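Enquirer: Generate coordinates for the entire structure from the input sequences, incorporating the hints supplied.
First to last, the sequence lines map onto chains A and B. According to the numbering used here, the stretch in the first sequence is residues 182 to 569, in order. According to the numbering used here, the stretch in the second sequence is residues 63 to 302, in order.
Keep in mind the hints are simulated off the structure, nothing from the lab. There's no promise every hint is true.
With a Cα cut of at most 30 Å, we get these calculated DSS-like pairs of lysine-lysine [stated by the list, open to error]:
id, chain 1, residue 1, chain 2, residue 2
1, A, K358, A, K328
2, A, K566, B, K278
3, A, K383, A, K241
4, A, K566, B, K291
5, A, K566, B, K250
6, A, K559, B, K278
Here are some, though not all, of the chain A residues that point toward chain B, as calculated from beta-carbon distances under 8 Å [to be verified]:
id, residue
7, K190
8, S191
9, R194
10, Y274
11, Q276
12, I310
13, T468
14, A475
The model shown is predicted, which means the values in this text are computed figures rather than measured ones. Note that the Cβ used here is the ideal one computed from N, Cα and C, for glycine as well.
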Amino acid sequence: MRWLALIWKSLMRSKRRTLLIVGSLVLSVFTVAVLQSLLTTLDTITNNPNSGSRIVVRHKAGLTQVLPRSYEAYLRQQPEVETVCAVQWFGGYYQDPRDFFANFASDETTLFQMFREEFGYNQLSEAQIKEFLRDGTGCIVGDSLAKKHGWKVGDTIPLTGTIFPINPRLTIRLIFKSPKLSDENGLHFHYKLLEEGFPAMKGRCGSFWVRVRRIEDIPRLVERVDRHFANSAYETLSETENAFNLSFVKMLGNIGAIIQGITLAVVVAILIVTGNTMATAIRERTTEIAVFRAMGFSSARVLVLLLVEGALLVGTGALLGVLLAHGAAGGVRASVGAVMPFFADFAILPPTVAQCMGGALAVGLLATFMPAYAATRKPITEGLKAVG
Amino acid sequence: MNSDRFDLGGGEPIITLRDVAKSYWREALEIPVLQGIDLEIPAGAYVALMGPSGSGKTTLLNLIAGIDRPTGGSLEVCGHELNGLDDDQLASWRNLHVGFIFQNYNLVPVLNAFENVELPLLLTGAGRGERRDRVEQALALVNLTDRMRNYPRQLSGGQEQRVAVARAIVTDPDLLVADEPTGALDAKNAEEVLALMERLNAELGKTIVMVTHDPKAAHHARHQIHLEKGVLDRTVEVNR
Numbered sequence: 182m183r184w185l186a187l188i189w190k191s192l193m194r195s196k197r198r199t200l201l202i203v204g205s206l207v208l209s210v211f212t213v214a215v216l217q218s219l220l221t222t223l224d225t226i227t228n229n230p231n232s233g234s235r236i237v238v239r240h241k242a243g244l245t246q247v248l249p250r251s252y253e254a255y256l257r258q259q260p261e262v263e264t265v266c267a268v269q270w271f272g273g274y275y276q277d278p279r280d281f282f283a284n285f286a287s288d289e290t291t292l293f294q295m296f297r298e299e300f301g302y303n304q305l306s307e308a309q310i311k312e313f314l315r316d317g318t319g320c321i322v323g324d325s326l327a328k329k330h331g332w333k334v335g336d337t338i339p340l341t342g343t344i345f346p347i348n349p350r351l352t353i354r355l356i357f358k359s360p361k362l363s364d365e366n367g368l369h370f371h372y373k374l375l376e377e378g379f380p381a382m383k384g385r386c387g388s389f390w391v392r393v394r395r396i397e398d399i400p401r402l403v404e405r406v407d408r409h410f411a412n413s414a415y416e417t418l419s420e421t422e423n424a425f426n427l428s429f430v431k432m433l434g435n436i437g438a439i440i441q442g443i444t445l446a447v448v449v450a451i452l453i454v455t456g457n458t459m460a461t462a463i464r465e466r467t468t469e470i471a472v473f474r475a476m477g478f479s480s481a482r483v484l485v486l487l488l489v490e491g492a493l494l495v496g497t498g499a500l501l502g503v504l505l506a507h508g509a510a511g512g513v514r515a516s517v518g519a520v521m522p523f524f525a526d527f528a529i530l531p532p533t534v535a536q537c538m539g540g541a542l543a544v545g546l547l548a549t550f551m552p553a554y555a556a557t558r559k560p561i562t563e564g565l566k567a568v569g
Numbered sequence: 063m064n065s066d067r068f069d070l071g072g073g074e075p076i077i078t079l080r081d082v083a084k085s086y087w088r089e090a091l092e093i094p095v096l097q098g099i100d101l102e103i104p105a106g107a108y109v110a111l112m113g114p115s116g117s118g119k120t121t122l123l124n125l126i127a128g129i130d131r132p133t134g135g136s137l138e139v140c141g142h143e144l145n146g147l148d149d150d151q152l153a154s155w156r157n158l159h160v161g162f163i164f165q166n167y168n169l170v171p172v173l174n175a176f177e178n179v180e181l182p183l184l185l186t187g188a189g190r191g192e193r194r195d196r197v198e199q200a201l202a203l204v205n206l207t208d209r210m211r212n213y214p215r216q217l218s219g220g221q222e223q224r225v226a227v228a229r230a231i232v233t234d235p236d237l238l239v240a241d242e243p244t245g246a247l248d249a250k251n252a253e254e255v256l257a258l259m260e261r262l263n264a265e266l267g268k269t270i271v272m273v274t275h276d277p278k279a280a281h282h283a284r285h286q287i288h289l290e291k292g293v294l295d296r297t298v299e300v301n302r
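Expert: Structure below.
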């Protein structure tokens, strides 16, 4: 018999109790892992390093309002600006209204310069770019979206508009691969197609995406642009792309506080459940612990045995919980990720795994330590008198 | 205070108690359990501690076994002054020198007979092969070789106590302490366990100190020490 065998046998003394506590830990850690990963995912939306050098200029009154395309000229004149791209959310669907993905009418002439990181510009075929620019009904789609629908270059994609009363038939001219899966769930087509199909949008645009030469210039530029258009018929709201994305996340409410609140509640629940279970298990073994110590096991050695037992119990539950969350994340990517692009990146990342495992072990050790320490401090003669 | 030293004669003492006292405190109230115990027990003795309930016999056994500490006096057992040992040293000392036999056997229910006997050896640093040999020898001595893979719930009371005896002797201690070792057994099993202890004393030279209130059990010892209200009352040499 080895030490680990002794610990394992002690742990399996009451199989039902062990299974129940492990089961509750699996569910708790699963919940924490998923919620923390949700926070991480939301954080990547609002802290995208590629977005650092871009700002979004839109109507101050909201996203449903449009700006004159003439603003584009002013923006281009600013010395800090590298390029400007007019982008309009189209909101169309392909075949099934429930089958949602992000699609935009975008200024094709500056699109690649604006989103070069997202499109993996250096890897793109020059011939395909030219083909897209030449074909007024051409579009580009992300690899992930294309794979989902089985699309390939040359296929015709009929989109049904939900915001604008037009149904463009688009031809895929280019499929791009992104470093991030969430960026591969979009489609862009020529802005002119929207203007031609829906003349009310001629000379108008939902937003301008602006790439700056130096990040440090952003605050000055944002302030100047909004000041310039202040008190006009079309006042602007300029903000960094991350801040723009954050406004969508904020629509979910103070989700960070909610998630941290739930996490705290789960951690306290684990502490109470584990503490109670270990206290009961240790109390039942009061005599046995006294016998161990009478035979020559030091208090410290018995304490370590009990702590390892607690850690093994909690560690098993936490590991299974994390594995379950990892499996669930794949499901979220495949299902929710298709509807909400940023969920295409949803994953239980190593820091979250470490956080869950470390947190669970710390809580488990703390919960075990209290009754274990008390048991090993109890005089041996008292322990031997206890009814086992 | 009893100033007469109780000396059982024989060879070199393995247990020497000088003016040992033990009190418990209940809030501010001191409850004396043992007072002025002077006692020498020679190596190889087989002693039964007897006395009415509350006379202090189990407390005296616990002090000798190093699982309790006196409030006064000194104890030298197996060549060590126990008052001078800290808790960890005392634990190591017990592992090396003392084997315990309890009234309720106190086997670990999730370990089989072999593993229960092996437990104290985990602390000795003995290798796996050596541990196996010593456990098998101990179980052979108590005639339970064929039951070594049985769990306590699969053994009779008498068999459980024999496993406990094997566990007590597996480290080859100098001293065996037994607290009412036959208290939970029927007459037949009690007789078997007592015969076994007698063999351990006679053939292996183990010093045995046993607490019992049963005159029949005490008759197996070579000496009986009677306690009365926390003091040594008399010793009786058993004629067999």
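Enquirer: Determine for every hint whether it applies to the structure shown.
Expert: Hints, one by one, checked against the model:
Restraint check for K358(A) and K328(A): the C-alpha separation of about 11 Å stays at or below 30 Å, so the hint holds. Pair hint K566(A) plus K278(B) holds up; C-alpha atoms about 25 Å apart against a cutoff of 30 Å. At roughly 20 Å between alpha-carbon atoms, K383(A) and K241(A) fall within 30 Å of each other, so this suggested pair holds. Between K566(A) and K291(B), the direct Cα distance comes to roughly 21 Å. Compliance with the 30 Å bound is thereby established for this hinted pair.
Between the alpha carbons of K566(A) and K250(B) the distance comes to roughly 26 Å, so the proposed pair stays at or under 30 Å and holds. Using a Cα cut-off of 30 Å, the hinted pair K559(A) and K278(B) is violated, with the two alpha carbons roughly 34 Å apart. For K190(A), the interface hint holds, the least distance from its beta-carbon to any beta-carbon of chain B being 4 Å, beneath 8 Å. With its C-beta approaching chain B no nearer than about 6 Å, S191(A) sits inside the 8 Å limit, and its interface hint holds.
For R194(A), the interface hint holds, since its Cβ comes within 8 Å of a Cβ in chain B; the closest pair sits about 5 Å apart. Checking Y274(A) against chain B by beta carbon gives a least distance of about 62 Å; that is not within 8 Å, so the hint is violated. A distance limit of 8 Å between C-beta atoms decides the matter here; for Q276(A) the minimum to chain B is near 61 Å, and the interface restraint is violated. The interface hint given for I310(A) is broken, as the beta carbon of that residue sits about 70 Å from the closest beta carbon of chain B, more than 8 Å.
Among the interface hints, the one on T468(A) holds; its C-beta lies about 6 Å from the nearest C-beta in chain B, closer than the 8 Å criterion. A hinted interface residue such as A475(A) counts as satisfied when its beta carbon comes closer than 8 Å to some beta carbon of chain B; here the least separation is about 5 Å, so the hint holds.
The structure fails hints 6, 10, 11, 12 (numbered hints given earlier, in ascending order).
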